[in-house]
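In this text, residue positions in the sequence shown follow the working numbering: the first is 1, and each later residue adds one.
Rather than coming from a laboratory, the hints here were simulated on the basis of the structure.
Cβ coordinates follow ideal geometry from the N, Cα and C atoms, glycine included.
Mixed in with the good hints, there may be bad ones.
To be verified - In silico SDA-like links for lysine to any residue, alpha-carbon gap of 20 Å or less:
1. Lys129 with Ala105
2. Lys129 with Glu166
3. Lys337 with Asp360
Claimed, not checked - Simulated restraints on C-beta separations:
4. Asn164 with Asn279: 18 to 26 Å
5. Phe361 with Gly167: 22 to 30 Å
6. Pro413 with Glu222: 18 to 26 Å
7. Ser384 with Pro227: 38 to 46 Å
8. Thr137 with Gly192: 35 to 43 Å
9. Gly221 with His80: 16 to 24 Å
10. Ser384 with Leu72: 21 to 29 Å
11. Tyr116 with His80: 13 to 21 Å
12. Asp178 with Gly103: 38 to 46 Å
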Amino acid sequence: MVLFVPRKSPEAIAAEEAADAALPWMRWITLGAMVGAGTGSVLAAASSGIASYFARQLLTPVREHVQNLEILAVVGSEEHPEIILPATVETTAPGVYSVYFDGGAGQARIGAITSYSPQDRTVQRRVEKVYSGDLATARRGWWGGAVYPDPAAAGLANEEVKINVEGGPAPAWLVRGDAACRTWAIMVHGRGATRQEGIRAVPTVRQLGMTSLLISYRNDGEAPAAPDGRYGLGLTEWLDVEAAISYALEHGAHNVVLFGWSMGGAISLQAADQSIHRNRIRALVLDAPVINWIDVLAYQARLNRIPAAIGRFTQWLISNRAGRLLTGLASPLDLRKMNWVARADQLSVPTLILHNENDDFVPYGPSAELAEQNPRLVTFERFSGAGHTKEWNVDPERWESTVQEWLLGVLGPALTGYAKEAGVPHRADPRG
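Input sequences plus hints: build the corresponding full structure.
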């Protein structure tokens, strides 16, 4: 069998030669496209990884605090010790604080500054009380605003009680006030904190006759953990506040005031919005609250030099069902539901917000905006010179007088006649 091969024309031969000459370039173009696609995939994977890590950092309960404070020395006598620390914005702020050390097993109350050396970048402060641990041998720890380990350390008689929440009992401290006062204060601590955080506010409300309930809630290390082991940023924790309100109502309260610090503010706002007992919530007192998680996430992304697009992707992961695999959440969180600037007209409870303009974790802007959007119900008190949730530490007299006067004005006769005795005129309930 003879195979017939047609003769090529000069034009066809020229075309083949041109194609052969172009072939190496085509290979490089194809390889470049493949590398580009691969690089895009790598970048996408990296962005996804960063967003996932950022989300998990926010949503994963704090089990161990970073011991980022060096303890340079403990000097002075055994009766009057002083501590030398690196001079930072926090350690040079006026007021009373805590230093935690030995992984949190040790706690000391730190008082006034006795000397400050800008040249050495050190500050020396009084040690008012060592509650636990051996401060003299401590080398590292962290700075905190909760200055008492328990109510007894603040001179407050208290009872340890249990509140039934999803998953089992959650411990709480009960500090009784005047039996004739049927309005209780429920203290809701912030993310990574414990019920210690609310002790600072108890003497203030006790002077008004109010009983205080300092609660624990899911994932805080004391209350039962949530099934998914993740913070709900307020959208799940409010159920534990509702359980606390039920406890208060069952034990003599007629109404409650919710005090919330940081994420505790977001939790309190959700309780006031969704609880079956919301008509019993007479007021909110919020210290450095998260008013809008979207704003906090955007701020933290900028602070950590995370590109804005990745920050927005983090919000998407938290808010959408498709992100559950990366976040570990059992259900997505509706961040829009926690934007109280956008929902300002839906807030129906008189609210006092105390927030520091130098807050380096939760910017005060949304707190001020909420007050502007709903001036009838929201009172905003701006502080300065404090770290996050340390408004009381820097100026306790102002914090306490502001809270007392505002509560007397809003609650009036509900505080067993204290408004009349104090000579504070009673305002009509802003809700009408």
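Hint-by-hint comparison with the structure:
{"no.": "1", "hint": "Lys129 with Ala105", "in the structure": "holds (15 Å)"}
{"no.": "2", "hint": "Lys129 with Glu166", "in the structure": "violated (37 Å)"}
{"no.": "3", "hint": "Lys337 with Asp360", "in the structure": "violated (24 Å)"}
{"no.": "4", "hint": "Asn164 with Asn279: 18 to 26 Å", "in the structure": "holds (22 Å)"}
{"no.": "5", "hint": "Phe361 with Gly167: 22 to 30 Å", "in the structure": "holds (28 Å)"}
{"no.": "6", "hint": "Pro413 with Glu222: 18 to 26 Å", "in the structure": "violated (36 Å)"}
{"no.": "7", "hint": "Ser384 with Pro227: 38 to 46 Å", "in the structure": "holds (41 Å)"}
{"no.": "8", "hint": "Thr137 with Gly192: 35 to 43 Å", "in the structure": "violated (26 Å)"}
{"no.": "9", "hint": "Gly221 with His80: 16 to 24 Å", "in the structure": "violated (34 Å)"}
{"no.": "10", "hint": "Ser384 with Leu72: 21 to 29 Å", "in the structure": "holds (28 Å)"}
{"no.": "11", "hint": "Tyr116 with His80: 13 to 21 Å", "in the structure": "holds (18 Å)"}
{"no.": "12", "hint": "Asp178 with Gly103: 38 to 46 Å", "in the structure": "holds (40 Å)"}
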